[in-house]
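For the record, the sequence lines run as chains A and B.
Counting the first sequence from 1 gives a position; my numbering is that position plus 112.
Counting the second sequence from 1 gives a position; my numbering is that position plus 135.
Treat the hints as calculated values from the structure; they're not laboratory data.
Treat each hint with caution, since some may be false.
Restraint-style ranges between C-beta atoms, simulated for each label pair [said to hold, decoys possible]: (1) A:Leu292 x B:Leu294: 54 to 60 Å; (2) B:Phe312 x A:Phe337: 50 to 56 Å; (3) A:Glu161 x B:Ile422: 43 to 49 Å; (4) B:Val409 x A:Asp501: 51 to 57 Å; (5) B:Val409 x A:Glu161: 34 to 40 Å; (6) A:Ala144 x B:Gly196: 42 to 48 Å.
Non-contacting residues of chain B with respect to chain A, defined by C-beta distances greater than 10 Å in every case (computed) [unchecked claim]: (7) Gly196; (8) Ala226; (9) Arg235; (10) Val255; (11) Gln257; (12) Val282; (13) Ile306; (14) Ala318; (15) Val379; (16) Pro387.
Pulled from the structure, derived: some chain B residues nowhere near chain A, Cβ distances all over 12 Å [claimed, not checked]: (17) Ala140; (18) Pro201; (19) Ile301; (20) Ala327.
Note that beta-carbon positions come from the ideal geometry of N, C-alpha and C, so glycine has one too.
The residues making up each chain are set out below.
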Amino acid sequence: MADHAPAHPSSPFMAALRNAFITALIALGLAAPMMGLVTVQGPNGLRLEPHWERVAIAVGLVFLGRLALNLTIWRPDAGRTRTQIPPRVEATLARLGRWFAPVAVALAVALPFLPGVERYTVDLAILVLTYVMLGWGLNIVVGLAGLLDLGYVAFYAVGAYSYALLAQHFGLSFWVCLPLAGILAAFWGVLLGFPVLRLRGDYLAIVTLAFGEIIRIVLLNWYWFTGGPNGIGGIPRPSFFGLDFTPGPDGFAATFGLKFSPLHRIIFLYYLILALALITNFVTIRLRRLPIGRAWEALREDEIACRSLGVNTVNTKLTAFALGAMFAGFAGSFFATRQGFISPESFVFMESAMILAIVVLGGMGSQIGVAIAAVAMIGGFELFREFKDYRMIVFGAVMVGIMVWRPRGLVSSRTPSVFLKEKKAIAGSLVQEGHG
Amino acid sequence: MEYFAQQLINGVTLGSIYGLIAIGYTMVYGIVGMINFAHGDIFMVGAFLALIVYLALAALGVAFAPLALLIVLVVAMALTALYGWTVERIAYRPLRGSFRLAPLISAIGMAIFLQNYVQVAQGARVKPLPPVVRGYFWQSEGGGGFVVNISNVQVIIVLTTIVSMIAFWLIVTRTSFGRAQRACEQDSKMAALLGVDVDRTISLTFVMGAALASVAGLMYLLYYGVADFYIGFVAGIKAFTAAVLGGIGSLPGAMLGGLLIGLIETLWSAYFSVEYKDVAAFSILVIVLIFLPSGLLGRPEVEKV
Numbered sequence: 113m114a115d116h117a118p119a120h121p122s123s124p125f126m127a128a129l130r131n132a133f134i135t136a137l138i139a140l141g142l143a144a145p146m147m148g149l150v151t152v153q154g155p156n157g158l159r160l161e162p163h164w165e166r167v168a169i170a171v172g173l174v175f176l177g178r179l180a181l182n183l184t185i186w187r188p189d190a191g192r193t194r195t196q197i198p199p200r201v202e203a204t205l206a207r208l209g210r211w212f213a214p215v216a217v218a219l220a221v222a223l224p225f226l227p228g229v230e231r232y233t234v235d236l237a238i239l240v241l242t243y244v245m246l247g248w249g250l251n252i253v254v255g256l257a258g259l260l261d262l263g264y265v266a267f268y269a270v271g272a273y274s275y276a277l278l279a280q281h282f283g284l285s286f287w288v289c290l291p292l293a294g295i296l297a298a299f300w301g302v303l304l305g306f307p308v309l310r311l312r313g314d315y316l317a318i319v320t321l322a323f324g325e326i327i328r329i330v331l332l333n334w335y336w337f338t339g340g341p342n343g344i345g346g347i348p349r350p351s352f353f354g355l356d357f358t359p360g361p362d363g364f365a366a367t368f369g370l371k372f373s374p375l376h377r378i379i380f381l382y383y384l385i386l387a388l389a390l391i392t393n394f395v396t397i398r399l400r401r402l403p404i405g406r407a408w409e410a411l412r413e414d415e416i417a418c419r420s421l422g423v424n425t426v427n428t429k430l431t432a433f434a435l436g437a438m439f440a441g442f443a444g445s446f447f448a449t450r451q452g453f454i455s456p457e458s459f460v461f462m463e464s465a466m467i468l469a470i471v472v473l474g475g476m477g478s479q480i481g482v483a484i485a486a487v488a489m490i491g492g493f494e495l496f497r498e499f500k501d502y503r504m505i506v507f508g509a510v511m512v513g514i515m516v517w518r519p520r521g522l523v524s525s526r527t528p529s530v531f532l533k534e535k536k537a538i539a540g541s542l543v544q545e546g547h548g
Numbered sequence: 136m137e138y139f140a141q142q143l144i145n146g147v148t149l150g151s152i153y154g155l156i157a158i159g160y161t162m163v164y165g166i167v168g169m170i171n172f173a174h175g176d177i178f179m180v181g182a183f184l185a186l187i188v189y190l191a192l193a194a195l196g197v198a199f200a201p202l203a204l205l206i207v208l209v210v211a212m213a214l215t216a217l218y219g220w221t222v223e224r225i226a227y228r229p230l231r232g233s234f235r236l237a238p239l240i241s242a243i244g245m246a247i248f249l250q251n252y253v254q255v256a257q258g259a260r261v262k263p264l265p266p267v268v269r270g271y272f273w274q275s276e277g278g279g280g281f282v283v284n285i286s287n288v289q290v291i292i293v294l295t296t297i298v299s300m301i302a303f304w305l306i307v308t309r310t311s312f313g314r315a316q317r318a319c320e321q322d323s324k325m326a327a328l329l330g331v332d333v334d335r336t337i338s339l340t341f342v343m344g345a346a347l348a349s350v351a352g353l354m355y356l357l358y359y360g361v362a363d364f365y366i367g368f369v370a371g372i373k374a375f376t377a378a379v380l381g382g383i384g385s386l387p388g389a390m391l392g393g394l395l396i397g398l399i400e401t402l403w404s405a406y407f408s409v410e411y412k413d414v415a416a417f418s419i420l421v422i423v424l425i426f427l428p429s430g431l432l433g434r435p436e437v438e439k440v
């Protein structure tokens with residue numbers, strides 16, 4: 113908006129006012145037709161219904177918001193005062209950061225038994241943890257190997273349908289299906305990864321998106337196998353080492369001499385997903401230190417250098433796809449057993465976008481960042497459930513806002529797995545995460 | 136044979152619409168090197184704006200259809216261009232020079248925002264519009280057999296596409312703005328050193344892409360007679376497929392790719408199955424990218440060390 117600044121700036125306030133006025137004019141142009149004239153179905157076809165009050169509110173908000181920003185953060189004399197964190201504070205933060213993960217895990221373990229925690233909270237925590245797990249799984253592909261995958265939800269769907277179909281047709285239990293679902297999803301990861309080995313960057317992104325959509329459309333139309341849009345219902349619930357969560361004498365409660373409560377199963381599911389997510393995290397952290405993990409990160413930084421140094425890029429990429437897909441498969445079969453019902457509607461592109469957003473907004477190299485982003489996004493999403501459509505608007509706006517404000521995500525420091533003499537974090541902008 | 140000819144005509148019509156959207160993708164990719172994920176939703180916004188302007192004109196009593204359509208076209212193009220400009224200004228410009236994923240995520244956020252903004256502002260219901268242009272331009276005299284129709288709407292769509300393509304082509308090849316744009320596409324740093332205002336050029340590129348998308352939006356509205364807030368997503372992906380198929384960065388390629396995708400989709404629905412028409416289009420995308428990564432008319436991308 114700098115080109116609209118007056119030639120002789122009379123006063124900063126006038127300039128800010130003028131700037132805000134121009135912004136408001138643009139907002140008026142944007143909002144007047146779209147928000148002011150609403151198409152309504154009348155008795156003889158569509159007609160327009162004026163709603164100018166909405167335009168007035170929107171334009172007023174834009175004007176005041178811009179004016180406030182102009183007078184505070186975007187003041188011309190504000191300069192580039194990038195707040196440097198003083199070293200002492202930073203050291204304290206780093207010390208706190210070291211404690212953050214163990215405390216968070218301890219809190220997560222204790223959560224169902226904390227006072228004041230109800231069924232709803234545990235349900236929400238299960239949902240959040242599912243996304244944490246998906247985020248960590250996708251982080252292997254995007255954060256470590258640097259392969260941008262926009263169709264991750266396809267593997268989630270493969271896992272969910274694998275469990276649902278195996279359980280329905282062969283009567284296999286959850287514990288048998290869980291590894292099978294992971295293996296099947298990994299197999300699909302390799303299958304879909306193979307054709308895209310040569311692709312990089314945005315091309316890879318769009319092809320993975322296409323794969324995701326293809327799988328969803330097939331699930332939607334393959335009636336006799338997947339039930340089409342009706343989905344699959346009556347998926348068996350998981351058992352506690354063969355003990356069902358039923359009120360009968362063979363149930364979990366009776367065996368352990370507890371009073372039956374439907375909460376037992378919820379809590380069991382909670383610990384199940386917590387364990388699965390922690391396994392994902394643990395495997396990822398360990399893999400980073402193994403040759404394959406180093407190869408992923410090297411591949412992310414420079415594929416040509418990798419190839420010339422003898423790294424097998426085909427295997428490296430395929431293992432990344434396969435492992436990422438495997439964790440999505442685990443999460444998918446967990447999702448199926450928790451819901452008891454699945455349909456293609458749960459596996460739309462929005463889910464992929466959401467998982468990717470969690471990974472990127474959290475800061476891709478940081479496991480903690482991904483977890484924080486999942487808690488903030490899914491928790492925030494649930495918190496504003498009453499606002500239905502508005503929360504999606506806010507969701508989109510927040511995604512844009514965080515990217516503009518912190519393109520490297522909330523936690524923007526990275527810890528290299530190899531270091532010389534002293535281990536220290538580096539800035540996220542020094543690595544090529546999500547590069548290609 | 137008649138059936139095939141009819142499908143060919145339908146395919147070309149659909150392909151024209153895809154081609155117009157694809158140009159927006161290919162131009163932006165050429166100049167900024169990012170997938171403008173929100174472009175499909177700009178197309179949707181264009182369709183809605185065209186609908187609103189048309190209804191406003193009808194309420195004002197402009198009954199003469201050609202005049203009304205012309206006004207709708209111009210006003211919708213201007214308003215959609217404003218949307219395109221704003222989207223670039225808010226979501227992409229601050230991220231220029233940032234790492235590669237940032238603009239893509241920002242674009243996905245913008246797409247979600249636009250979709251839900253239109254849904255809240257205009258309601259989630261499908262908006263049906265009674266046919267504005269009726270009648271047939273040409274019909275084959277089939278003696279009891281299959282009659283091949285070319286409707287007036289189809290003629291208008293193809294003609295409008297050709298006219299806007301020619302106008303657009305002249306802008307890119309003959310004007311100083313077009314020269315600046317091509318210069319930025321090749322090397323934006325060098326262009327900036329030689330006095331080209333890169334930011335302004337990129338803004339104008341988004342404006343032109345949005346204007347063409349709104350033309351496509353109006354054509355879509357005339358052809359199908361419905362619009363809802365979700366049409367942008369699928370149309371956007373298919374148009375992107377078209378841009379990739381034709382060779383991303385190449386303007387004739389985008390048009391060619393659009394036509395091909397339109398034909399493939401129509402013929403697939405006609406001879407195989409309607410349910411899997413999107414799968415056909417996406418499979419084409421995958422196959423092309425694997426065997427012909429630079430598209431039909433694109434330049435191969437050279438990877439430098």
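Hint-by-hint comparison with the structure:
Checked against the hint of 54 to 60 Å, the C-beta distance between A:Leu292 and B:Leu294 comes to roughly 57 Å, which is consistent with it. Against the hinted window of 50 to 56 Å, the Cβ-Cβ separation of B:Phe312 and A:Phe337 comes to about 54 Å, which satisfies the hint. For the pair A:Glu161 and B:Ile422, the supplied restraint of 43 to 49 Å holds, since their beta-carbon distance comes to about 47 Å. Separation of B:Val409 from A:Asp501 is about 30 Å and departs from the stated range, judged on CB atoms against 51 to 57 Å.
Between B:Val409 and A:Glu161, the C-beta spacing of about 35 Å keeps the proposed range 34 to 40 Å intact. The hinted range of 42 to 48 Å is not satisfied by A:Ala144 and B:Gly196, whose Cβ atoms lie roughly 20 Å apart. With a least beta-carbon separation of about 13 Å from chain A, B:Gly196 lies farther than 10 Å from that chain, consistent with its non-interface assignment. Distance check on B:Ala226: its Cβ comes as close as 5 Å (rounded) to a Cβ of chain A, failing to clear the 10 Å threshold; non-interface status is violated.
For B:Arg235, the requirement that its beta carbon stay farther than 10 Å from each beta carbon of chain A is not met, with the minimum near 6 Å. Non-interface status of B:Val255 relative to chain A is broken: a Cβ of that chain comes within 10 Å, the nearest being about 5 Å off. Listed as a non-interface residue, B:Gln257 fails to keep its Cβ farther than 10 Å from every Cβ of chain A; the least gap is roughly 6 Å. Annotated as non-interface, B:Val282 keeps its C-beta farther than 10 Å from every C-beta of chain A; the closest such distance is 29 Å.
With a minimum CB-CB distance of about 22 Å to chain A, B:Ile306 clears the 10 Å threshold, and the non-interface call stands. Distance check on B:Ala318: its Cβ is at least 20 Å (rounded) from any Cβ of chain A, clearing the 10 Å threshold; non-interface status holds. Listed as a non-interface residue, B:Val379 fails to keep its Cβ farther than 10 Å from every Cβ of chain A; the least gap is roughly 7 Å. Distance check on B:Pro387: its Cβ is at least 20 Å (rounded) from any Cβ of chain A, clearing the 10 Å threshold; non-interface status holds.
Remark: the non-interface label on B:Ala140 is consistent with the geometry, its nearest Cβ contact in chain A lying 28 Å away (cut-off 12 Å). With a least CB separation of 20 Å from chain A, B:Pro201 remains clear of the 12 Å interface cut-off, as annotated. The beta carbon of B:Ile301 sits about 28 Å from the closest Cβ of chain A, which is more than 12 Å, so the claim that it is off the interface holds. Against chain A, the non-interface label of B:Ala327 holds: every CB pair exceeds 12 Å, the least being about 16 Å.
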